[in-house]
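Novice: Residue-level listing of the chains:
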Amino acid sequence: MDAPAVSHVEVSGNPCRVWSKGSGRRIGFLAGFGGLPKWIPFLDALATENEVVVPSIPGFPGAVGHTSFDSHIDWVLAIRDLLKQSGLLDGAPLIGSGPGGSLAADMAAFWPGDIDRLALIAPWGLSDGDAPMADPWARRPHEVGPLLCNVPEHWDELKASPEGANSVEWPIEQARALEASARIFWPLGNTGLAKRLGHIACPTLLIRGEGDQVIPANYMEAFRAGTGGETTIEAIANAGHLAELDQPQAVADAIRAFI
Amino acid sequence: MRERYAEAHDFIVRAWTEPETFAFNGRFNQQRYVNIWPRPVQKPHPPIWVPGGGSVETWRWCAEMDYVYCYLSYYGYKAARATMQGFWDEMDRLGKDRNPYRAGFLQFVGVAENEAQARELYREPAEYFYDRCLRVSARYANPPGYVTEATQRAGVESQIATAAAGGPDSVDNTSARPGIQKVNLIDKNARQFDAIVENGYVIIGSPDQVAEQLREIAHELRFGQLLMLLQFGNMGKDLANYNTRLYAEKVMPQLADVWSEWENHWWPKPMSLPDRAATKFPKPALAAE
Numbered sequence: 001m002d003a004p005a006v007s008h009v010e011v012s013g014n015p016c017r018v019w020s021k022g023s024g025r026r027i028g029f030l031a032g033f034g035g036l037p038k039w040i041p042f043l044d045a046l047a048t049e050n051e052v053v054v055p056s057i058p059g060f061p062g063a064v065g066h067t068s069f070d071s072h073i074d075w076v077l078a079i080r081d082l083l084k085q086s087g088l089l090d091g092a093p094l095i096g097s098g099p100g101g102s103l104a105a106d107m108a109a110f111w112p113g114d115i116d117r118l119a120l121i122a123p124w125g126l127s128d129g130d131a132p133m134a135d136p137w138a139r140r141p142h143e144v145g146p147l148l149c150n151v152p153e154h155w156d157e158l159k160a161s162p163e164g165a166n167s168v169e170w171p172i173e174q175a176r177a178l179e180a181s182a183r184i185f186w187p188l189g190n191t192g193l194a195k196r197l198g199h200i201a202c203p204t205l206l207i208r209g210e211g212d213q214v215i216p217a218n219y220m221e222a223f224r225a226g227t228g229g230e231t232t233i234e235a236i237a238n239a240g241h242l243a244e245l246d247q248p249q250a251v252a253d254a255i256r257a258f259i
Numbered sequence: 001m002r003e004r005y006a007e008a009h010d011f012i013v014r015a016w017t018e019p020e021t022f023a024f025n026g027r028f029n030q031q032r033y034v035n036i037w038p039r040p041v042q043k044p045h046p047p048i049w050v051p052g053g054g055s056v057e058t059w060r061w062c063a064e065m066d067y068v069y070c071y072l073s074y075y076g077y078k079a080a081r082a083t084m085q086g087f088w089d090e091m092d093r094l095g096k097d098r099n100p101y102r103a104g105f106l107q108f109v110g111v112a113e114n115e116a117q118a119r120e121l122y123r124e125p126a127e128y129f130y131d132r133c134l135r136v137s138a139r140y141a142n143p144p145g146y147v148t149e150a151t152q153r154a155g156v157e158s159q160i161a162t163a164a165a166g167g168p169d170s171v172d173n174t175s176a177r178p179g180i181q182k183v184n185l186i187d188k189n190a191r192q193f194d195a196i197v198e199n200g201y202v203i204i205g206s207p208d209q210v211a212e213q214l215r216e217i218a219h220e221l222r223f224g225q226l227l228m229l230l231q232f233g234n235m236g237k238d239l240a241n242y243n244t245r246l247y248a249e250k251v252m253p254q255l256a257d258v259w260s261e262w263e264n265h266w267w268p269k270p271m272s273l274p275d276r277a278a279t280k281f282p283k284p285a286l287a288a289e
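Read top to bottom, the protein sequences are chains A and B. Using the working numbering, the first residue of the first sequence is number 1, and each one after it goes up by one. Using the working numbering, the first residue of the second sequence is number 1, and each one after it goes up by one.
Hints are computed from structural coordinates only; laboratory data are not their basis. Incorrect hints may have been included.
Claimed, not checked - Label pairs and their calculated CB-CB ranges: (1) B/R14 - A/R224: 33 to 43 Å; (2) B/D257 - A/S68: 22 to 32 Å; (3) B/S137 - A/D74: 44 to 54 Å; (4) B/G26 - A/G13: 39 to 49 Å; (5) A/D90 - B/C133: 35 to 45 Å; (6) A/G13 - B/A195: 45 to 55 Å; (7) B/T148 - A/A5: 53 to 63 Å; (8) B/W16 - A/D90: 50 to 60 Å; (9) B/L72 - A/P146: 34 to 44 Å; (10) A/L188 - B/T148: 17 to 27 Å; (11) A/S12 - B/S137: 28 to 38 Å; (12) A/P132 - B/P19: 39 to 49 Å; (13) A/G164 - B/W16: 29 to 39 Å.
As the list claims (entries may be wrong) - Which residues of chain B face chain A? A few of them, derived with a C-beta cut under 7 Å, are: (14) G145; (15) E149; (16) Q152.
Quick reminder that beta carbons are idealized off the backbone N, C-alpha and C, glycines included.
Use the sequences and the hints to build the structure in full.
Specialist: Take a look at the structure:
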């Protein structure tokens, strides 16, 4: 894989990495649980036909600043700022996974005119009292891969420290990603998104790996029932919660067809 | 999380010291009318002791604020060595005096007439505690954001140094949450009494043996405030009373001279007897009796 181009934007005084690769219609991607310490094959699959722009969420790998946000309002404004500076608010389709998917949905709910369409991979943000999403934070290290991926090695590979990386900073960057997502979504992943779904006017594609052990299947139906725009659900075989890691081509194909 | 803690601390100290009702407009706490009742007697306020588990920021903060740093570990003096060494190194770096009363330490103690009797009496309560009470899944031991990045760095660097040295204590850290790894070099898995005693979790023996061991660790770790756990596990009231009384009568006097050359600025100062309100109530019987 060729490396993507790297630039930085500033959100609340802190730098956030922005990757971009490919040419064609610009699309944005907000990362899933654990973030993107590395560029992944799924993004390359998207970049064959589109200009893929990947801004890092504050606190996720590539960006800091997560400790300055005290409320969900603070986070929503920060993500809007991030996307604006990344050139992703001028009618670009927005893709998001898990936590990134939830924040993308918030963008469309708060600013319906600014988002062309949403492709969300197992988005967080809803919570069913009887069946909450799995707790991704209270896990022993060897339990995390199996929870998130059909093939745990996909997670391990993403999280493995590359040759020559700073062996002190790498694990801290991964720990920071856990903290950042917890600051937004702990304990139940419930950000009140359910009350805002009706404000989403754009078409939405909901993607979920059939083997997803984090977000229950009925969450997708609840999400669809709540949105104001036309929403379809697509299941991906042989994929877990991080479907983009388990089945990069299938997920990219589904998104490309939708865009 | 430390920002929340710092603000809560400031809020409490203000509540203790502000004579008039005040408003508090913090980042995390907002209250319009703050007026605590009853008010503390000691001036400027009661002494403050801070429990810590090894975060470097806590040592520094205790030094700056002149608070007592208490290392509250269930794993005894052997596990505490690295942390207390780090604490006193930091005190030296900050140019603070080495008054041992700046440091507090928690120790389980079981006293009896002799060691054999102590083993017999305290075996079950100790095993009950370590084998049954102290069961926290590793899943919940290290919540994201609980340990600051500075402390993580200190832990990870210490581990790398250890691993590089290649000794038998090297720890394989594959976790995305390194946490405070230094203390993990000590075996924290002892559940049988012999191992519990061998590892120093609980100090047991005759009064003389216990006094000698406590004197030794007080000097080794350099702490002046000793927090005793004389009741632990499923120890019943009778044994707890026996342990406490024997400690108070036969062990404590032996330690009266320890650190006598230093002044303990951090001990509570109750209101003097003449200042206390007179009551007609009979003096309450000791709860233990």
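Novice: Could you run down the list of hints and mark each one as holding or not?
Specialist: Consistency of the hints with the structure:
The beta-carbon spacing between B/R14 and A/R224, approximately 51 Å, falls outside the hinted interval of 33 to 43 Å. Taking 22 to 32 Å as the suggested C-beta distance range, the pair B/D257 and A/S68 does not conform, at roughly 52 Å. Hint check: B/S137 to A/D74, Cβ distance near 32 Å, so the stated range 44 to 54 Å is violated. Distance hint check for B/G26 and A/G13: the Cβ-Cβ separation is about 21 Å, which falls outside the suggested range of 39 to 49 Å.
Take A/D90 and B/C133: their Cβ atoms lie about 59 Å apart, and the range 35 to 45 Å is violated. The beta-carbon spacing between A/G13 and B/A195, approximately 52 Å, falls within the hinted interval of 45 to 55 Å. At roughly 33 Å, the beta carbons of B/T148 and A/A5 sit outside the given window of 53 to 63 Å. Separation of B/W16 from A/D90 is about 55 Å and conforms to the stated range, judged on CB atoms against 50 to 60 Å.
For B/L72 and A/P146, the hinted distance range of 34 to 44 Å is satisfied, since their beta carbons lie about 35 Å from each other. Between A/L188 and B/T148 the CB atoms are about 25 Å apart, so this pair conforms to the stated range of 17 to 27 Å. The hint said 28 to 38 Å for the Cβ distance between A/S12 and B/S137, and at roughly 36 Å that hint holds. Against the hinted window of 39 to 49 Å, the Cβ-Cβ separation of A/P132 and B/P19 comes to about 47 Å, which satisfies the hint.
Range check, A/G164 to B/W16: about 53 Å between beta-carbon atoms, so the 29 to 39 Å window is missed. Checking B/G145 against chain A by beta carbon gives a least distance of about 4 Å; that is within 7 Å, so the hint holds. This hint holds: B/E149 has a C-beta 5 Å from the nearest C-beta of chain A, less than the 7 Å allowed. The restraint placing B/Q152 at the interface with chain A holds, with a minimum CB-CB distance near 5 Å, inside the 7 Å limit.
Of the hints listed earlier, those the structure fails to meet are numbers 1, 2, 3, 4, 5, 7 and 13, in rising order.
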